[in-house]
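Take the given structure of chain E and dock chain L to it, following the hints.
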Amino acid sequence: MAVFDGHPLLKGCAKCPYTAWPQPRQRTLGLVFTLVSILLLQGCGLIFDAVKLVHPVSANELDAICRRGEIHVGMAVEPFRPFVFPALWTDEGARVTGLDAELVRLLSDALTERCGTQVAPQLHLIRFRDLFLLLNEGRLDFFVSAVARGTPSPARAGIAYSSSYFGEGGLTGISRRPEILEMIQVRLRHGGSGSGASALKGLAIAVQDGTDAYWYAQAFLQPGRLIVCDSLPAAFEYGESDGIAPLDIILGAQPVLDFVVKTTHRDWRSLHDEQGHPLMFTQADYAVVMAEESYSLRWLINDTIFKLRTSGRLDSMRRRWLEESYAYPRRASTEGLSFDVRQMPAHYAQGTCRESSSR
Amino acid sequence: MHKEHAEKAHHVEGEQGDEMRILYSVCLLIFAVGVTTTTSASPREQVRAEAEETARLLAKLLEAGRLVIEHNQPLIDDPHRGDKGFTAEVFEQQLREEFRKKTDLDLSTLSRRSSTFTVPPLARELLPALIEASKEVVNDAQLVINQRGISYKNFIPATYGSQAAARFSKRSHVRLKQTALQPRNPKNEPDEYERSVLQWLSGRPNGEAYVSELTDAGQILRVIMPIYYLPECLACHGNPQGEWDISGYPREGANEGDLAGAISVRIPLEAR
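Here the protein sequences come in this chain order: E and L. Mapping of the first sequence onto our numbering: position 7 corresponds to residue 7, and the numbering continues sequentially without gaps. Mapping of the second sequence onto our numbering: position 220 corresponds to residue 220, and the numbering continues sequentially without gaps.
These are computed hints drawn from the structure, not numbers from a lab. Beta carbons are placed, not taken as given, at the ideal position from N, Cα and C, and that holds for glycine. Just to be clear, a hint being listed does not mean it is correct.
Unchecked claim - Covered, in the sense of this in silico footprint (three residues per stretch, anywhere, with C-beta under 8 Å from a C-beta of chain L), are these stretches of chain E: (1) 74-88; (2) 225-239; (3) 325-339.
As the list claims (entries may be wrong) - One side of the interface only, derived from the structure: several residues of chain L facing chain E at Cβ under 7 Å: (4) 149; (5) 150; (6) 153; (7) 154; (8) 155; (9) 162; (10) 181; (11) 185; (12) 244; (13) 247; (14) 251; (15) 255.
If we strip away everything but chain E, and leave its shape as in the complex, we get:
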């Protein structure tokens, strides 16, 4: 004890038995106690493993969803019409609608059936690029937003895709400049087959950050300028502004671009091949995205998609959203999904475009 005498900080504690340095016998006992504890902890782990093998009742992600009575679903705040329309205000409050919203409702119904209690979708409207982040952080059970299965990208590590719910995805381009459309036709005529990517060489191309188009452009294209935008509306705004460096092409998901040029941006035209078919750069199926280890949830979603396909529901959804004539505000009012607007204030802006420095 005398060793502490005179120490200004410990002087007052010298009377306290717990602050005193242990005697050699106590030290030995402490060491033995620690070793036994470590051994016991290892033993506990083995016991837990044994129990799991004998009695596999440990909670999986489906059980957790059933207990919560809600499923956390991510959806892009940037519109991917007709899969995700912009958020609207309705008589019932803010709502989101689209093919993907209908799918979310059907998946929630399937979960309700599986759980035996109501499972309500809690929609999180967030930036597309943040969907992957929030999924990895465990804040989403799954997300949908016209996401192509199996897109190679470092940002998509640790995730898994469901089976396909939409099989006519893939990338194409649009332009509002006739001379660019003509130039690409000439290049295709002279370049032969498989020259889609090379037909875009040297052009000013806009893509949405984090999407399949972005990763495709990084992997294959040699544009004169690659313009990375926060959203498709931002790309249109950039392309329609009277800047000194005009935009030649917007590269994106074919069904989305095709829908947009037919409905809201009619002065833009799709790229076509020599036979007049849409010029496709990739083939893609759209899928629900979830964490790699969400095996039970993936099984349930795959099973639900299978049933929707065999019953013809997926086909009718495709026709309903891609072919029929309709006004989405009305569908938002009658069947849209609600979302918590208080959690999304930072996400509403369509954002801007900027030139990629890597090119």
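What follows is chain L alone, placed relative to chain E:
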């Protein structure tokens, strides 16, 4: 309820109808003035008078809110602006001004006893609650309103009104509702009483009159304040009839001044 209908001014049919309506409007005016001056009315009459004036002011406030949204529609639907600056506070300021224009009543003096216009205590309690509910709606809609690149956002007088009325009604004993004979929102479908009043109002020239009546053996006060189509409404509700408007609903084929619907207020008198 049908027994009480016999007492209603609006049940007078034929040639006497318009005269009775005018007489009714005058009566209402006298009644409103009476609220400010009477000291000799029975307690029962005072309760009714207070409830009726409260209902009238609530309907006027909701109508004022609808007008504020309508005036700001070009701003709300501007696709080139992100943050519109149309916050709940800005809305409130404009709402108070619009309400003052309609009623000559300054809401900021509600809490003062020395107000020149005697506002019933019930209204002093409920008008701020409706303002709060309305501000909440505008606040929650910020995400939708401030989207850039999107023009039509469906944040219109009707959708604002539905939400504000629903939120207010949830928190008070008074039910506030927008209704019409053929509403676009099924939740605004009129009840039997509202339908009978709306049918009576349709086909008559528009005006400032409203209908007030005791129902349910005098336990419930019903006030129906009609809303008429303004020129701005006709882009969606006008002609060609049946053709889709921007929100996907078939146009009603209405003309300026036609009856659009009504704001319905229901106040239980015994609950106070």
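Taking the hints in turn, this is what the structure says about them:
Only residues whose beta carbon comes within less than 8 Å of a beta carbon in chain L count, and the region 74-88 of chain E has 4; three or more means the coverage holds. Beta-carbon proximity to chain L at under 8 Å applies to 5 residues in the region 225-239 of chain E; the threshold of 3 is reached and the given coverage holds. Counting residues of the region 325-339 of chain E whose C-beta sits closer than 8 Å to any C-beta of chain L gives 8, which meets the bar of three, so the coverage hint holds. A cut of 7 Å between beta carbons decides the hint on residue 149 of chain L: the least distance to chain E is about 3 Å, and the hint holds.
For residue 150 of chain L, the shortest C-beta to C-beta distance to chain E is roughly 4 Å, which falls under 7 Å, so the interface hint holds. At its closest, the beta carbon of residue 153 of chain L sits 6 Å from a beta carbon of chain E; the interface hint therefore holds under the 7 Å criterion. The criterion of a C-beta within 7 Å of any C-beta in chain E is met by residue 154 of chain L, whose closest approach is roughly 4 Å, and the hint holds. The criterion of a C-beta within 7 Å of any C-beta in chain E is met by residue 155 of chain L, whose closest approach is roughly 4 Å, and the hint holds.
For residue 162 of chain L, the shortest C-beta to C-beta distance to chain E is roughly 4 Å, which falls under 7 Å, so the interface hint holds. Checking residue 181 of chain L against chain E by beta carbon gives a least distance of about 17 Å; that is not within 7 Å, so the hint is violated. A distance limit of 7 Å between C-beta atoms decides the matter here; for residue 185 of chain L the minimum to chain E is near 4 Å, and the interface restraint holds. Given hint, residue 244 of chain L at the interface with chain E, holds; its Cβ is 6 Å from that chain's nearest Cβ, closer than 7 Å.
A cut of 7 Å between beta carbons decides the hint on residue 247 of chain L: the least distance to chain E is about 4 Å, and the hint holds. Below 7 Å, beta-carbon pairs count as interface contacts, and residue 251 of chain L has none with chain E, the closest being about 12 Å; its hint is therefore violated. Contact between residue 255 of chain L and chain E, as hinted, is not supported at the beta carbon level, the nearest pair being about 23 Å apart and thus beyond 7 Å.
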